[in-house]
Each structure stands twice: as structure tokens, then as C-alpha cells.
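J.: Protein chains in written order, with our numbering: chain A, 1 to 101; chain B, 1 to 101; chain C, 1 to 101; chain D, 1 to 101; chain E, 1 to 101; chain F, 1 to 101; chain G, 1 to 101.
It is worth saying that the hints were derived from the structure and are not from the lab.
Mixed in with the good hints, there may be bad ones.
Unchecked claim - Pairs of lysine to aspartate or glutamate residues, derived as EDC-like cross-links and limited to a Cα-Cα distance of at most 16 Å, are as follows: (1) B:79 x A:74; (2) C:79 x B:94; (3) F:79 x E:74.
Residues per chain are reported as follows:
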Amino acid sequence: MAGIGRRLIPLMDRILVQRFEPELKTKGGIMIPEKAQAKIQSAKVIAVGPGARNEKGETIPVGVKPGDDVLLPEYGGTKVEIEEKEFYLFRDGDILGKWES
Amino acid sequence: MAGIGRRLIPLMDRILVQRFEPELKTKGGIMIPEKAQAKIQSAKVIAVGPGARNEKGETIPVGVKPGDDVLLPEYGGTKVEIEEKEFYLFRDGDILGKWES
Amino acid sequence: MAGIGRRLIPLMDRILVQRFEPELKTKGGIMIPEKAQAKIQSAKVIAVGPGARNEKGETIPVGVKPGDDVLLPEYGGTKVEIEEKEFYLFRDGDILGKWES
Amino acid sequence: MAGIGRRLIPLMDRILVQRFEPELKTKGGIMIPEKAQAKIQSAKVIAVGPGARNEKGETIPVGVKPGDDVLLPEYGGTKVEIEEKEFYLFRDGDILGKWES
Amino acid sequence: MAGIGRRLIPLMDRILVQRFEPELKTKGGIMIPEKAQAKIQSAKVIAVGPGARNEKGETIPVGVKPGDDVLLPEYGGTKVEIEEKEFYLFRDGDILGKWES
Amino acid sequence: MAGIGRRLIPLMDRILVQRFEPELKTKGGIMIPEKAQAKIQSAKVIAVGPGARNEKGETIPVGVKPGDDVLLPEYGGTKVEIEEKEFYLFRDGDILGKWES
Amino acid sequence: MAGIGRRLIPLMDRILVQRFEPELKTKGGIMIPEKAQAKIQSAKVIAVGPGARNEKGETIPVGVKPGDDVLLPEYGGTKVEIEEKEFYLFRDGDILGKWES
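Using the sequences provided together with the hints, build the complete structure.
T.: In C-alpha cells form, the structure reads like this:
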């Protein structure tokens, strides 16, 4: 497999993210069955592409950087499996917001 | 959860708003049942993104600022829950108007 | 309610208009039943937005001003109720024409 | 009624035209029943808008002027009644051609 | 009728053409029934518009001139009857090619 | 017929190509029935247009030249019969690749 | 056949890739039946086009080069058979990412 042990560098304005682990228990300590777990829309930015290219071929840098915690839209994104771990690729423009660090 | 206790900074030209509380009573003091309460289209601007990026990568500032009272379109917007409170993300261009302060 | 007693400032290239009152009687003085009243397509401009923003963030002023009498398209526009009065928001580019003052 | 006795100034690149009267008789003098009258696609230009606005807000003048006789497309246009007379608004770009004066 | 005895000047990037007469006989001299006659896609350019206008209002001249023999696409074009003769209006960009003169 | 004995000059960014003859036999010499013959996607460039025109009316030259062997997309193109021979018109941007000469 | 023994040079911003061979055995050495083999989304870049042309006719170079290992989207791409080997053409902008070399 090409990707074994190698980092994936997103192309253009794509952002590689890893969603946070869902909360397994309520605040009161009660186990949350998988089905009831809300879809996690917050994620960690793992890697970013150079940015989209404009009419002149200049690259427009993206608006987030590796390490940022971001809020993803409910839908969209491309699932990517790297060494059996689940990542997602989103376009820079589709990421809703950044959690203040 | 990533967002606990942290502010959400909208990205690009997105605007984070919180709708006003619906009127619970008519002017005559009669309770308005929830179903009959008109959908609140006025809201407070909580946070704004840096603005959309143009072909040169320059950011075009948005047309509203935190603290503005605005009129929202009837549809659209992305619901965002932060610490169990309900917020909405709208694009700058979709907000209909500002109430004179 | 946020809007009580406050003016609404349209955003971008939106135009706030108030339709003229329909004619209640024919020229011959006969009452016109509500159903038969033609939809009023003429209106007064109440307030205008700063204009649309172009690629450089510059604002392109709109083509009408408060006080103009304008001809509206048959369809479109967003109904807005302010202090129980009915207004409409149209995009500058959708307004068909101005009646010579 | 707003328009009574006042001229309509088209906005943007709109052109106000009045269609020519249909031929009521064949060349041989035979009356043509209304149903058989071909839809008149030629019209007189009554008034023209300032033109469409480009990215810089500059107005691009239209390609016809009041008094021109023009050929209209078979479909399209917005019907406008002014003092019980029938006019049409077309976009400058939709008018097919000008009859040589 | 507006057009009687007057030339039609196409507007923008429109091209006025007249299709060639279909071949009535095969090379062997056999009459071709109307139904079997292939749709004539070659035509003579009669008149051309000034050209499309760009963002600055400059006119971009068209790529053919009156007198050229051109190859039309199988579909499209607007039929125009002038003094009982059949013409077609095509956009400059839709004309497939020119026959070498 | 207009085209008799005359070359067709494609307009804009169109490319006139002639597909290669299909292989009639397998490598082992067995006749391939017409139905089984793969659709030929390689072709010879016969003539090229001046290129598409940009906003300023400047012509953007195409990326292939007469004599090139090219790879066509499986679908698309406009069939053109010239003196009973079959040619195709493709847009420059739709041609997939060039075979190294 | 035109392509025999000749390289294909992709046109515009197209990228010619060859997918990696699928894993035939699990890590534990068990044969994976063809049906169960995941669609290989990693591939080697074989050849790249000059890049897309912008409004001025300038070529915008692509973001990958021959020899790169890339991650393809799950769908899309044009299958191309060259000397009985299977290749794919993708647009530069559709390639998701590069595996760090």
C-alpha cells in the first residue's frame, strides 16, 4: 500500500482533519449507546494543502493551520483511511469555524 | 468536547448569531402557545469571521460587527450548539438588514 | 422584539420598499372587491443598502434612493413586518424601473 | 396609482418597448381573425435604462436608443401596463436586432 | 410591418444567415423527396452584429463577416422571417466553421 | 453544396479531427466483426481554429496543431460530413492527450 | 493503432496515473478474493499536462509531477488503455493529496 508509514499532504485548499472521540458517558456518568452519540463535528487539523490557485497561478493560503481545533459542517468531506485510522478531507471554505485556542 | 468553555471564531464570511427570545405574551398579556410563536428572525451578532477571500487572497471584511442586531432570512443558516445554547451561522451576504442601534 | 421603534437598514444591495395602497374603487366609483384588486407593483423606496461589494471589497452604490417611486417585478422580494406594517426587501437589480418624479 | 401621467424610466440594462399593431388584413384585403394574427415581434423602443453595472460600478450603455425599431425574441420580456396601454421590458442583451432606420 | 423593405442589423454577437438551398437531385439525377433531404447546415452570412460587450463595455468583434459561407450546428438558432424569406440568427460562438473561400 | 472541394476552417477553439481506421484483425489475424470493434478514440488533427477569445477579445491559441495524433474522449464531438468522409469537431479543452510524435 | 509504442502526453491540467496493485493477501497471509479487494485509490503519476490556461492564455502549472504517489478520489477519472495496460486521466484539481516521498 502506497501510504504505509508516510504522511499525506493534502493538495490545493484541502484540509486533513481527525474528528474528536465522541463522549461515551453523559455528565451524570451514564453510558451513551453508540447510536445515540451525536455526530462529532469538532476535529483537529492534521495537515493543510498549499491553498487554491487563482487565475495567475498564485496560491491563496488556507485559513487554518495544523493543530487548530475546528468545527466541521454536518455533511460533506471525503473519508480517508490511513493505517486503519479514519481521517477526513474538507475544503478550506467548508470549515465553519475555529475553536479559540 | 472540543468547544467546552472556548469561543467559536467563524471562518471566512460567516457570522455567528443568537436569535432573540420569542415574545411569550401578547400586548394584552395573553400567553402565546409555543406553536403560535412566530419564528424569530431578529438576532444579536455574537462573532464575525475575517471575511471572504477574493482572487488575490485579500480578505473582504463583512458588513456587520459583534453587538449588532440584525434581521435574518426566514430560511438558511447552520444551527450550532455551544454549551447547550443554540446559535446560528449565516453567511454575511444572507443577512437581510441591521436594526438601527 | 428587536425592531420596536427602530429603523431597518438594508444590507448590501437590498432595497426596502412599501407598496402603494390598492385602488378601492373603479374610476366610476364602484367598490373593487379585495380579490379583484390587481397586485400592486408600484412602491415607495423607504431605505437602501450601501450596495453590493465587488472583488476588491468596494461597494457599488444602488440605482435608487429613498423617496423614489419604483416598479417592482410581479414575483420575488422578501416580506418583512416592522411594527405590524408590511414592507418588502428587493435586490437593487430586480427593481424594473423608476417612475419619473 | 403611482404611475398616473408619469414616465417609467427602466433600470439597469432594461429596455421599454411597445409592440407594433398587428396587420388586421391580408395583402388581399381579407380580415385576419385575431387568433390567426402572428405574434408581433417588432416593436418601438420607448425608453432605455442607463445600462448594466460592471464590477467597478461603471455603467455599460445599452445597444439601442429610444425611437429604434427592434426585433424581439419570441418569448421572454415582462409585460407592463401603463395607463391601460401595454408595454414590455426586455433586457438589452435579449433584443435580437434593429431594423435599419 | 416594421421590417418591410428594411435591413435587419443583428445586435451584439448575433449573426444573420441564410441556409443554402437543398440538393433536389442525387448525383445520378434522381429527385430527392423533401423528407429525405438532409437538413442544410451550410449557410451564407448576411449580416453580423457589432460583437459581444465585455466587462468594460468594449465590443469584441465577431469571427465571421458578411459573404462568408459557414457551417451551422445541427440545432439552435432563431428563425426570422423577413419579407417571407427564411433567415436564422446564431450567436457567433455557435457557428462551427467557415468554408475556405 | 457549399463545402464541395473546399476546406473547412474551424472557428474559435474547435479542432477538426479524423478518427483512425479500426483494426480489422486481431494480432493473431482473426477478422474482428464490426460490432466488436472498439470505438476508435485516436485521431489525426486535420485543422484547428484560431482559439477561444478572452474578455479583451485576444485569441488564446489552442494546444494542438494539424498533423498531431490525439486521444479523444469517449463521448462528445460534433460529426461533420465533408465530401462523404466523416470528420469530428471537438473543443480544444475536451481533447485528452497527444501521442508523442 | 496510433498509440502503439508511443507515450501519451496529457493535455491542459490532466494527470496520467497508474493505480497501485491491490494487496492480494491480508497481513496474516490470507488470500483476499478479488471482490473483497478495496478499490485502490493510491496511484503513481506517469505524466502531467502543461496545466490549465487562464484568461491571458498563460499556463498554470499543475501541483504534482511524474513519480509522485498520489491519493485519488473514489470516483471520477477517465480510463485509458495503452498497450493493454490500464491508466487513468484525472484533472489536477481532483487529486486529493500526495504521499510524502
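J.: Evaluate each hint against the coordinates.
T.: Status of the hints after comparison with the structure:
1. B:79 x A:74: Given that 16 Å is the threshold and the Cα spacing comes to 10 Å, the pair holds.
2. C:79 x B:94: At roughly 15 Å apart (the allowed maximum being 16 Å), residue 94 of chain B and residue 79 of chain C satisfy the hint.
3. F:79 x E:74: The hint holds at about 10 Å.
Hint compliance for this structure: every hint is met.
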